[in-house]
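Enquirer: Take a look at the letters that make up each chain.
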Amino acid sequence: MTAIASALFDSDDDTLQRAAAGDDEAFADLIRAHEEMVFSIALHFFRDRGRAEEIAQEVFLQLVRSIGQIETPAHLTHWLRRVTANRCIDETRRPRPHAVALDDAPELARAAEERDPLRDRLLRKLLVELPPPQRLAITLRFQEGLEPSEIGAVLGMNVNTVKSHLHRGLAALRKGLGELS
Amino acid sequence: MNLEQELQRALSRQRPDEGFAERVLARRKTSFSSSGRAEARPTWMRVAASLTLLLALGGVTAQRIAEQRRGERARKQVLIALHIASSKVRLAQREVHRIAHE
Chain A
1 MTAIASALFD
11 SDDDTLQRAA
21 AGDDEAFADL
31 IRAHEEMVFS
41 IALHFFRDRG
51 RAEEIAQEVF
61 LQLVRSIGQI
71 ETPAHLTHWL
81 RRVTANRCID
91 ETRRPRPHAV
101 ALDDAPELAR
111 AAEERDPLRD
121 RLLRKLLVEL
131 PPPQRLAITL
141 RFQEGLEPSE
151 IGAVLGMNVN
161 TVKSHLHRGL
171 AALRKGLGEL
181 S
Chain B
1 MNLEQELQRA
11 LSRQRPDEGF
21 AERVLARRKT
31 SFSSSGRAEA
41 RPTWMRVAAS
51 LTLLLALGGV
61 TAQRIAEQRR
71 GERARKQVLI
81 ALHIASSKVR
91 LAQREVHRIA
101 HE
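Residue numbers (this note's numbering), protein chains in the order written: chain A, 1 to 181; chain B, 1 to 102.
No lab work stands behind these hints: they were computed from the structure. The reader is advised that the hints may include incorrect statements.
Distance condition first, Cα-Cα at most 25 Å in a straight line; then the derived SDA-like pairs of lysine to any residue [as the list claims (entries may be wrong)]: (1) K29(B) to L61(A); (2) K163(A) to L126(A); (3) K125(A) to N2(B); (4) K125(A) to L170(A); (5) K163(A) to P131(A); (6) K163(A) to L118(A); (7) K29(B) to V83(A); (8) K29(B) to I70(A); (9) K125(A) to R15(B).
Stretches of chain A that chain B covers, calculated by requiring three or more beta carbons in the stretch to come under 8 Å of a beta carbon on chain B [claimed, not checked]: (10) 35-47; (11) 51-58.
Quick reminder that beta carbons are idealized off the backbone N, C-alpha and C, glycines included.
Bound-form chain A, shown alone (with noise of 0.2 Å):
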C-alpha cells in the first residue's frame, strides 16, 4: 500500500470512528463519500430519481442505528451495498399506487456528451424489466465492478447463482437490443 493510499484508508477509518462516536460532520462525511454509490444502484435498479433518493435516504438512516457495528471502511462499503439492494428488493415487494418512473433530466443534460445516449437509455429501460436479482446482479458487476463472488456476498447467493444471474440478465438485454435495433 502506498503512503497516500495509506494515509488516505487512516483517514476513512478516523471519520468512521468519529461517526459512530456521533460526530455529525464526520458522518456527513461518510455520507458524501457514499452517496454517489448508494443513490445510484438504487437508480438504475428503479430507475426512478425520487425513488432512488428515498430509499438512499433509508439506508443511511439505518446506518445511523448500525454504525456501532461497522468495523471498517471496507466493511462499511460493503454494509452499504448489501442493506441498499435489500431495500430495492424489499420495495419491489410494496405496493407503491403513484410511482411513476421518470426520465432523469440531469441524463437529458448529459447526453449530448455521451456517444449513444439513446441507446443508453434504452439499455437502462431494459434493465429495469428484468427480474429483480438479475437487475441487482447487473448493476453491481458494471457499476460497482464487483466479480461475482462479491455480488454473491452482498446479496447472499452462491457464485454460481449469481452467474446464472448475469447470464441470463445479459442474454435478455442483447435480445431486447437485437429486438429494438
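Add chain B to chain A, keeping to what the hints say.
Expert: Positioned in the frame of chain A, the structure of chain B alone reads:
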C-alpha cells in the same frame, strides 16, 4: 463496442441532487425526535392503562365486599327472625298443651 462496455457506461455512478447529506441529517433529527415521542407515548399509555385497570379492579373488589356484607347482614336478620318465630311457636305449643291438659 460490446454490451459489457455499453453497460459500464450506461450504469456509471450518478450524484443525487445537491445537499443530499444535509437532507439525510435533517431527516435523522426529525425521525429521532419523533421516535423519542413514540417511545414516550407507550410509557404514558402503559401507566394510564395500569391506573385504569387498578381502579377498575379496586371498584369491582369493593363492590363484591359490600355485597358480601349486605348478604351476611340479611342472613343474620333471617336467622334472628326464624329464632324469634320458632320461640313464639314453642310458646304457643306449650300454651296449647297446657289448655288441653286442663
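Enquirer: Okay, which hints does this one fail, numbers in order?
Expert: Of the numbered hints, just 6 does not hold.
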